[in-house]
Amino acid sequence: MSSEVNGASGAAAGTVAGATGSVLRIRDLHVSVADTPILRGVNMQIRQGEVHALMGPNGSGKSTLAYALAGHPNYTITSGSIEIDGVEISAFEADARARLGLFLAFQYPVVIPGVKVADFLRHAVSNIRNPDRREGEGLIGMREFRKEIRDRMTELGMDHEFARRYLNDGFSGGEKKRMEILQLAMLQPRFAILDETDSGLDSDAVRVVSEGLAKLSGPQMGVLIITHHERLLEFNRPQFVHVMLGGRIVETGGADLAHELHARGYADIRARHPDAAPEPTHTTPAAAV
Amino acid sequence: MLYQAGWEADMTLAVADLSRAGYSADIFAAFLATRREPQWITEARQRAFASYQQLLQQELDPEEFRRLDLRTFNASRFRPAAAVPDAGEISTLLSGRTEFGGAIAHVDGHVTTSRIAPEISAQGVLFGGLQELLEQHRELLEPYFMTRAVPADADRFAAWHAAFWTSGTLLYVPRGVEVQLPLHSLIAHSHDGVADFSHTLIILEDGARATLLEETASANAELSGLHVGCVELIVGRNACLRYVQLQNWNQKTWHLAHQAGNVESNATLQWTVVGLGSRTAHIHQDINLDGRGSMAEVNGVTFTSDRQKISYYTQQHHRQQGTRSDLLYREVLRDDSRVIWRGMIKVDAAAQQTDGYQRSDALMLSEDARCDSIPGLEIEADDVRCTHGATTGRVDRDQILYCMSRGISRREAMHMIVEGFFQQIYDRIPIEVVRETLSRAVQAKLGIEAVAADLLQNDDEDES
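Respectively, the protein sequence lines represent chains A and B.
Numbering-wise, the first sequence is residues 1017 to 1305 according to the working numbering.
Numbering-wise, the second sequence is residues -4 to 459 according to the working numbering.
These are computed hints drawn from the structure, not numbers from a lab.
One or more of the hints may lead you astray.
Stated by the list, open to error - To give an idea of the interface, some chain A residues facing chain B are shown, with a C-beta separation under 10 Å as derived from the structure:
| # | residue |
| --- | --- |
| 1 | TYR1083 |
| 2 | GLU1109 |
| 3 | ALA1114 |
| 4 | VAL1126 |
| 5 | VAL1127 |
| 6 | VAL1131 |
| 7 | ASP1135 |
| 8 | LEU1137 |
| 9 | HIS1139 |
| 10 | ILE1144 |
| 11 | ARG1145 |
| 12 | GLN1199 |
Computed from a predicted structure; not experimentally measured.
Heads up, the beta-carbon is just placed ideally off N, CA and C, and yes, glycines get one too.
Make a model of the complete structure from these sequences and hints.
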């Protein structure tokens, strides 16, 4: 498996594959929240460099997929698998997944009072770039880090003062979402999941966030954009659009599928998949994990 | 039979309230015999001991002590140390951290070292052992000593202290003098079973400015000890005092402290109380805004673990017009520890246009920790603004997940969240060395391992 090329890049993570790029593979994923099944067999494969969109009506399970991928302990994977380059990660805690290159931009970013953005990100960046780092061990150099975070803030049109504020504390909705994008920019994940990053924002803020994401994504990043709307996708044109209904992906198409949904809503989709609505009597497959 | 009866009497006492037994007249007589001091001091002690004996017969104020069980507190297990101990160096949180303009150390109730920079003493500043300076400057200092901030008969513990006080720190700053460098005071224990009655008296004349950083420490984790302390802060008109007391005894020490600050017109008191150590602590803290336009900012940083109990009784007493008080306490509790905070803002009828604020926020790191926070207001004036509040909460799991989703480990996330919780208090402390010292002490005490285990238990994936 290991590349014979003598370049040192990618050696730290150890699992970065060669020319074809990394793959995030979700197979027959079943997820329950408080013993209620939400996801009922999700399959998806995302390669580095690809942009996927996940659409679907409220309550179809989109955010559940996002949280389950990130490793939220309240989202129990009852069967199926999540793999990055063949490594099963569904038993990993959230921090281990992040160190493997997974990133979730939260729909509702959490406020952490008293913790400065710069301190938070310096710890995060140190851990992501040095996955073997233990608590208390050296952080990335201050000078180097400061320059980097300033450059990224400039690129995203953010006031440098942000770095000194407490994380999301007193931030407006737009500022919080921009902060998620700043974190994405600093952590440079292999796979980024954006959970309704456009929700609750006015059109200017959506444009800023969309442009920011478009600048960041590239051949090194696989992106899964969860959205109700089309606007985020205008700047970040997806190769694949998935439609979720009742905890399953019922259709996958190209960018034109997003247009269709935008124009006509979910009525047609529902009609094509009458069996996809969640059934309360449906029992979960026996827990396999 | 006689022996039997005596034994039974002791048992009854133990069940009833050991703390009511107190120190006997014999102990007081033996103590006085070791003192070589002027008659006026001895007489003051005798008056205080008489009050003490009376006060022992009375119930402690239930408002202040109801939630703190002192019945197992056995004073007879601790005695004042007769001789100056050969203490050696006691390392403390602030040791060697910054440059001090003067420093004094008390070990087992005796002054062991004391120094003051010549240029500071040349300004007329008095800094050193209380006993010695009180004798030398009686006419200057006697009027302040246990008369105004903490009267000798304020309560059982104050009277006990007034009868048995030894050593202590005195800081006197003359009118208009500014002491630039902070001063350091250490109260330490180095022998098992010691009772120390150290006193801190700070007097700032009008327009004076000074900073005193005081800490308590035990020479090791095994000594049992008792501190019955008293702090009096007198801040003259337009003066500014910064006072920090960093309580860091080992967990076998009782800490009973009566503390008060009196602030004159347009003066400022910035007072930070830190509680990290002790087995059981009770701190009575009075902030008396005596002069028009006076101002007090009070910070409390408390971090308890194991079976520690720390209790605070704070009173912000607005006695004059246009006074301001701003009290913020934050507590982090681990393991089986317990914190009690009973706060009160009192506004006299004369104290119009006052602005009083008090708040206590507690963060619990374990299911077994317990915190009682009870704010209160007593307002007799009609044109005032008083705000109070208290919160008690647990570490938010969403915060932990959010940190972890950025590659930060659970332990490191806990660490950050606790630090962040205290950060909002550190932001109010203008002395950098104190902020740094607190931050380091909190990190050390976090002893992350145990905390992380606690949290793991709360999560579902713990299967081992």
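Against the structure, the hints:
1. TYR1083: holds (9 Å)
2. GLU1109: For A:GLU1109, the interface hint holds, since the closest Cβ of chain B sits about 6 Å away, which is under 10 Å.
3. ALA1114: At 4 Å from the nearest chain B Cβ, A:ALA1114 passes the 10 Å test, so the hint holds.
4. VAL1126: Interface hint status for A:VAL1126: holds (4 Å vs cutoff 10 Å).
5. VAL1127: holds (8 Å)
6. VAL1131: Interface hint status for A:VAL1131: holds (4 Å vs cutoff 10 Å).
7. ASP1135: OK, holds: A:ASP1135 within 10 Å of chain B, min 8 Å.
8. LEU1137: It holds, given that the least Cβ distance between A:LEU1137 and chain B is near 8 Å, below 10 Å.
9. HIS1139: Holds, about 5 Å.
10. ILE1144: holds (4 Å)
11. ARG1145: Holds, because the Cβ-Cβ distance from A:ARG1145 to chain B comes to roughly 9 Å (cut-off 10 Å).
12. GLN1199: holds (7 Å)
In the structure shown, no violation is registered for any of the earlier numbered hints.
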